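Asks: Chains as they are written, first to last, in this note's numbering: chain U, -15 to 940; chain C, 22 to 513.
FYI, nobody ran anything at the bench for these hints, they're computed from the structure. One or more hints might be untrue.
Said to hold, decoys possible - Within a straight-line C-alpha distance of at most 30 Å, the following computed DSS-like cross-link-like pairs (lysine-lysine) qualify:
no., chain 1, residue 1, chain 2, residue 2
1, U, Lys395, C, Lys117
2, U, Lys400, C, Lys164
3, U, Lys77, C, Lys503
4, U, Lys64, U, Lys101
5, U, Lys914, C, Lys319
6, C, Lys164, C, Lys486
7, U, Lys584, U, Lys366
8, U, Lys866, U, Lys769
9, C, Lys448, C, Lys86
10, U, Lys28, C, Lys503
11, U, Lys395, C, Lys137
12, C, Lys146, C, Lys164
13, U, Lys395, C, Lys127
14, U, Lys77, C, Lys506
Note that the structure is predicted; figures quoted are calculated from it, not measured.
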Amino acid sequence: MSPTRLLLLLLALPPMIARGEIDFARDVRPILNAKCTACHGGVKEAGEVSFIYRDKVLGKGESGQPVVVPGNPEASEMIKRILSQDPDEVMPKPEHGPRLSDKEIGILTQWVKEGAKWGEHWAFVKPERHTLPKVSNPAWCRNPIDQFILGRLDSEKLKPSPEADRAALLRRVSLDLVGLPPTLEELDAYIADTSPDAYEKQIDRLLASPAFGERWASVWMDLARYADSEGLGLDRARDSWKFRDWLIDSFNQDKPFDQFTIEQLAGDLLPNPTLDQLVATTFHRLTQSNEEGGTDDEEFRVSAVLDRVNTTWEVWQGQTFGCVQCHSHPYDPIQHDEYYKFAAFFNQTRDADLSEGLPTVSVPVDPARHNEAGNLQATITKAESALYEIHGSLNKSTTWKPVNNLETTGKGTVLKTVDQDGYREFRTTGNVASSSQHLLAFQPADSTPLTAIRIELLPLDESAARLTPEWGSFLRKIDAVILPADGSKPRPVMLSRLIGDEEHPLFDPEASLKGGQGWGPYSKIDRLRWCVVIPQEPIVLEPGAKLQVTLSNGGTIISSFPMVTKRGRLAVTSDPTWTALLTQQDAVAHRNTINDARNKLKAIPSTTVPVMRELEPAARRETHVFVRGNWLNKGDRIDTPDVPALFPKIPAGAKHDRLAMAKWIASSENPLTARVIVNRFWLELFGTGIVETAEDFGSSGVKPYHPELLDDLAVRFQSEFKWSLKRLARELVTSATYRQSAVIAPGMAERDQSNRLLARGPRQRLTAEMSRDHALTVSGLISLKTHGMPTRPPIPAGVWTPFVGDPWKTPAPGDPERYRRSVYTYWKRSIPYPTFATFDAPTREMCSKRRLVSNTPLQALTVLNDPAFDECSRTLGSLMEKLPATTIEEKLSSGYRRVTSRTITPARLKELVAVYRKLEADFTQAPDPKAGETPQAAAFGVVASVLLNLDEAMVR
Amino acid sequence: MTFQEHIKAERLRHLTRRHFLRDCTTGLGGIWLASQGLASGMSKPAILRDANDPLMALPPQALAKAKRVIFLHMVGAPSQLDLFDYKPELKRLDGKECPKEFLEGKRFAFIQGVPKMLGPQFEFKQYGKSGAWFSDRLPNLAKHADKLCLIKTMQTDQFNHGPAELLVHTGNQNLGYPSLGSWVTWGLGSDNNNLPGFMVLISGGRIPRVGASLWGSGFLPSVYQGVQCRSAGDPVLNAANPPGISRDVRRAALDALDRLDRQTHQEIGDPETLTRISQYEMAFRMQVSVPEVMDISKEPAHIHEMYGTKPGKESFANNCLLARRLAEAGTRYIQLFDWGWDTHGSNAVESIKDGFVKKCEDIDKPISALLTDLEQRGLLEDTLVVWSGEFGRTPMQENRGGTTNKFVGRDHNPGAFTLWMAGAGVKPGFTYGETDPVGYSAAKDPVQIRDFHATMLHLLGFDHKKLTFPFQGLDQKLTGVKPTKVVTGILA
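Next comes chain U alone, as it looks inside the complex:
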């Protein structure tokens, strides 16, 4: 196209864009994302052109033409292409989509003309406080939220709704804050309270209630993918409920959100962590594990690590980081290798999809004993470190003599020897049989007594194993005998101690001496591993005699993999210090300390939780980029974990570990953390987030509806509220905005269907947990006991068919355990509790950021017929029947108020009385004891069911 023609075309554009108005993030990026980045983005860079990074946009494409020349649209290839009439030239290509609209072309052209100024997406820029807008009715505003909301309503020429009546308001705020409806007494007290701060007093009461933590723990458990089972494969039960209790307590104690964050992501790396801080790290051990036969532990370890990365970004940063696993981010400036730099923060933990779920910590069932157990565990940790220090330095100072004349006999497995690095190694050949034994005999080079034997195990291919570890092994038993030169009976050697190469081993290494799962590279081996065996007395061999060490291997794990050592070697020493170690005072003292503390711990009734634990320095892994996201295809090595360059840096001088990463997230410098949590609370309380896509704050998400409000609140949350979630909740629910009536003014259903302008108060359906807790509460059945083991409420017949074990025993009617709050219900990923699933609860296989609310006939069938709801109906019916009130009218009115929190209207009462009379007459004519002992009881039961099914009962 000739420059003149291009110029003419540009001049012909409609003048809809005024000069100097283009904002890159607001105006340009959305067009690029919608129309260009599919081919010219982070995934594909067709023609070497990408619109994600400024330097690429200002560079040249494959054609050699500059993509964008700031200030000069005519010289910019991008503008030429979008204007072109030539089907071979025009962009987007005709087969990919229609021409850009005149408006879009105008915006892009004007942008280039104005110098192609770049701007980051709003969410990547640190939030700032905003001036409050001038509003039409300052008296209406109770706090800054209201000023922003009213400012917007003013601009839309809308007026806020009047305040909701007290009954409606107390119901809404009770269910929102504590997940339970108000009792009649609470309603009466609030309605009778004439003080000006009557509402605020209710808020203080609710925020101080232990039920607050239960309600908000449920919200966080979706994000944490909390379940009482492992997921995939066998989906066996997994003890993790102490973490749920930790969440409840944290919300109730109003743990500041920055601290709440750091403890969950890296509580184990805090200085002298408490037991509760270790329990907090269960958050990232709630990943699925796979114990299905034949599954590779490393594959599922890796997949857990990636899940931790993705979940961290989704929960705290509202970013879809998962797509960067395979390629650079399609829309946002995050590079492929940056994903793995971040993954490196998580790649150094000890868990490895082991069947035992290790590492775990044991946690006293009684919360009052947490500190006691925590101190005992800290004592053990300290003593283990001291011992490790003693053993390590002794091992280092010892002159080990490689055994280079090994003779091998395999029992169950064929062994061979290979001479390498001065050793004669043993190796297995062909198939290895589970639980086989390796008999290793040798004659020492000289006659000095042997004081210790060092057993070294190696991967078959050491360099490959550093990238992807091999199946490992463990020693079920170690024995040693002397084979006399004359062929007489072997003489046993007493082995006194076994010292492993780990500071804090998952299994007691000494179990290998007694028989059991002890020392070994379990379940994978990625480098040389060693242990030292110390005989009770130095071993003296007569000339010609041999020492024979027998390694008894472990059995099969995951129905498939024999834990058999495939390669190893021995070394010996005559250093007398090893024998002395057996009685060395400090070592003995540390061992006694450990044993003492262990015995005391054993005496405390406890459960366990899986926790995060950093690998010891000697065992740290290498992290590599996975080429196209494939874990078996390792690319460049990542030397230092880091955060993406787009974001503020980790402070200079800080060690780049998981704790630094956690602090980076929980920092006021992080542009996303505060916005994302503020938005989440907003979403829960108002039904829709200020950013509607609470899970996506990236440039492909929905733009915030009130950006200034979100930013202002985010800044205040960090500074003024000091990260207090209760303070945040209080700010939201005490706003005039929240307190509005939910009645929809004429025309507003069409004008603002999802109530984003907030010209009325929120009216939300109860969550899955609330719907059950609500029915239990209004029927008087609920048990408000807090904390403890998961509960198993009634479940319809035929639902509970777990793949293995895991029985469901429901406590009998009348037992309070049957009526515990829903947050305590046993949560199995493969068999969701049916009521929760029907009411839109996720299965919590992965982090779920938002529940999409549905309205289905299956929900109706649940509340009408589910045995648990039926029990509530009948109980509520009998409660109404037995009220001391004299008339049916009074009884029904009272029942209605229990369920809906509202005072009944005459028209409704008429309906209820009519249906009661009809049912009473019908049951009198055709009595059915299954419906109720008397016609009256039956009729009350059915009317109670009507009440529980009311639209008013299902909403808050």
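Let chain U serve as the given structure and place chain C on it in line with the hints.
Replies: Frame of chain U; chain C shown alone:
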């Protein structure tokens, strides 16, 4: 579809879209709007759904051969080498050590070191005009040889059950993605207002190991998840009234509920209340329609004889008959899972000579009856029947723990397995693809799970590239991001 019908469908589609755009401004529609990606100004989902009538039947995007699907999944992965993929060469190698080239670079679930080859365990014969091979374990099905379209070269990249089953049913080995039935129900809705559009039937004594995730709706709205029909208790959860509550009592209660909720709607004006009222009405209808369709006791004796059904008992045969009844009633997607096909040879039940033989007996007659029955009712022409496992089995005998098993079994093999289809839109009496001489991997025309998905969607009237839903910044598809093709070679 005739040209006239096509025009009519087109018009309906435009109407539907207008209807959606008008009505989506109320109630949940608004909330769904964002989840449907409209508000972002980014991508739109392929199907725009009215949240107040989410299962309304919609015409497909293109001409469709199939209106509904019956998918028979043999959970655990049956041995193709002992049923369909006849390998004389493997017979010759029986008992010999496995050649090295089969082992290099391969990952196995259970095989270790050098295993022995295991020949076909049963006699094979050719059947029908098409001359398809069947072992003597499926004599009844073999009579339908000329109806079946067999793909011998199915491949997957997962070799553990959980992930492989997820891949078959959601296109992804991880949890959390919509199942096939959800995509299809989302796309087409239900032809019966009184029944769920996606029903799941289970036999074999166990649910598949990843459970409800195999029929979950993933990021699609939860109304598109499969509804599990149960063998104990209500056929669908909570369909029956509580004890002592008759249908008349329930009607009276619902009438009162309806009038009370209408008063609430008058006062508050929330459109959600109206939706709720209509959902209660549908629930009331479902209470009759579901038990009715699930009650096989009134089927005539010759039908019971043909299927081998016994009312009231959990069995694959009962589920096959139910599948026919559901298809007849207009259910869009009918998913059967039959557990117990994981024949490793680690015990008698897992032995090809024992447990496997019994499993074959369990399915042979019912599947044969289902095909006959669908055909005689004219349903086979627009119903797609699919039979498959989640992967294949190895031509080597399993040697778990490094030793030879006492019983005869085969390990997991992602490299080749047989899937067959019958009915709407596929070539009858046709075999597609060839495996290598021992049936270990696809030698000619390999078909990936995602290719099968694309083909199934094609038959239902969808372009797999265009059936998209925006989620996590991407236009998500059932077939994912890897290159995918419709297997045109099997289309009738």
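Asks: Is the straight-line distance between the alpha-carbon of U/Lys395 and that of C/Lys137 30 Å or less?
Replies: holds (22 Å)
Asks: Given the hinted pair U/Lys400 and C/Lys164, is their alpha-carbon gap at most 30 Å?
Replies: Violated, at roughly 56 Å.
Asks: So if I understand the rule, the pair passes when the alpha-carbon distance is 30 Å or less; does U/Lys395 with C/Lys127 pass?
Replies: holds (28 Å)
Asks: For the pair supplied as a hint, U/Lys28 and C/Lys503, confirm whether the alpha-carbon distance does not exceed 30 Å.
Replies: holds (14 Å)
Asks: Keeping to a limit of 30 Å between CA atoms, is the pair of C/Lys448 and C/Lys86 held or broken?
Replies: holds (12 Å)
Asks: Assess, step by step, whether the Cα of U/Lys914 is no farther than 30 Å from the Cα of C/Lys319, and give holds or violated.
Replies: holds (28 Å)
Asks: Take a quick look at whether C/Lys164 and C/Lys486 sit within 30 Å of each other, Cα to Cα.
Replies: Since the Cα atoms of C/Lys164 and C/Lys486 sit roughly 37 Å apart, the hinted pair is violated (cutoff 30 Å).
Asks: Between U/Lys64 and U/Lys101, does the CA-CA distance stay at or below 30 Å?
Replies: Holds: U/Lys64 and U/Lys101 sit about 19 Å apart, inside 30 Å.
Asks: Verify the proposed pairing of U/Lys584 with U/Lys366, using a straight-line Cα cut of 30 Å.
Replies: holds (16 Å)
Asks: Would you check the hint for U/Lys77 and C/Lys506, treating anything up to 30 Å between C-alpha atoms as holding?
Replies: Between U/Lys77 and C/Lys506 the Cα gap is close to 23 Å, so the pair holds against 30 Å.
Asks: Is U/Lys77 close enough to C/Lys503, meaning Cα to Cα at most 30 Å?
Replies: Between U/Lys77 and C/Lys503 the Cα gap is close to 22 Å, so the pair holds against 30 Å.
Asks: Holds or violated: are the alpha carbons of C/Lys146 and C/Lys164 at most 30 Å from each other?
Replies: The given pair, whose Cα atoms are some 12 Å apart, holds under the 30 Å limit.
The structure fails hints 2, 6 (numbered hints given earlier, in ascending order).
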